[in-house]
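Colleague: Please construct the entire structure, taking both the sequences and the accompanying hints into account.
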Amino acid sequence: ELRAAKESLEKENLKIVNAQPTFIASQKSEISEEDREKYEALLEKLDENDDVVEIYDNLK
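Heads up, the sequence shown is in my numbering, so the first residue is 92 and it goes up one at a time.
I should point out that these hints are in silico values taken from the structure, not numbers from a laboratory. The hints are all genuine.
Below, a list of computed lysine-lysine pairs in the DSS-like style, where the Cα atoms sit at most 30 Å apart:
#, residue 1, residue 2
1, Lys119, Lys129
2, Lys129, Lys151
3, Lys151, Lys136
4, Lys151, Lys119
5, Lys119, Lys136
Pair ranges (Cβ atoms, derived):
#, residue 1, residue 2, range
6, Leu105, Glu135, 33 to 39 Å
7, Asp141, Lys119, 26 to 32 Å
8, Asp141, Ser117, 26 to 32 Å
9, Glu139, Ala95, 34 to 40 Å
10, Glu139, Gln111, 18 to 24 Å
11, Arg94, Asp148, 23 to 29 Å
C-beta: ideal position from N, C-alpha, C; glycine also.
Modeller: Written out as structure tokens, the structure reads:
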């Protein structure tokens, strides 16, 4: 579907800046403050890893 939408817009001479699928959570979750601190520390470590391109979550 994404490719077809992109091609359709390009046929109308519209410039596509970015066309990639993105995860959007349908339900959000809450975690405790203690778990949030641990989670943020994990995110920092993942962000430092060159092999990690995108990180998605469903936290509020």
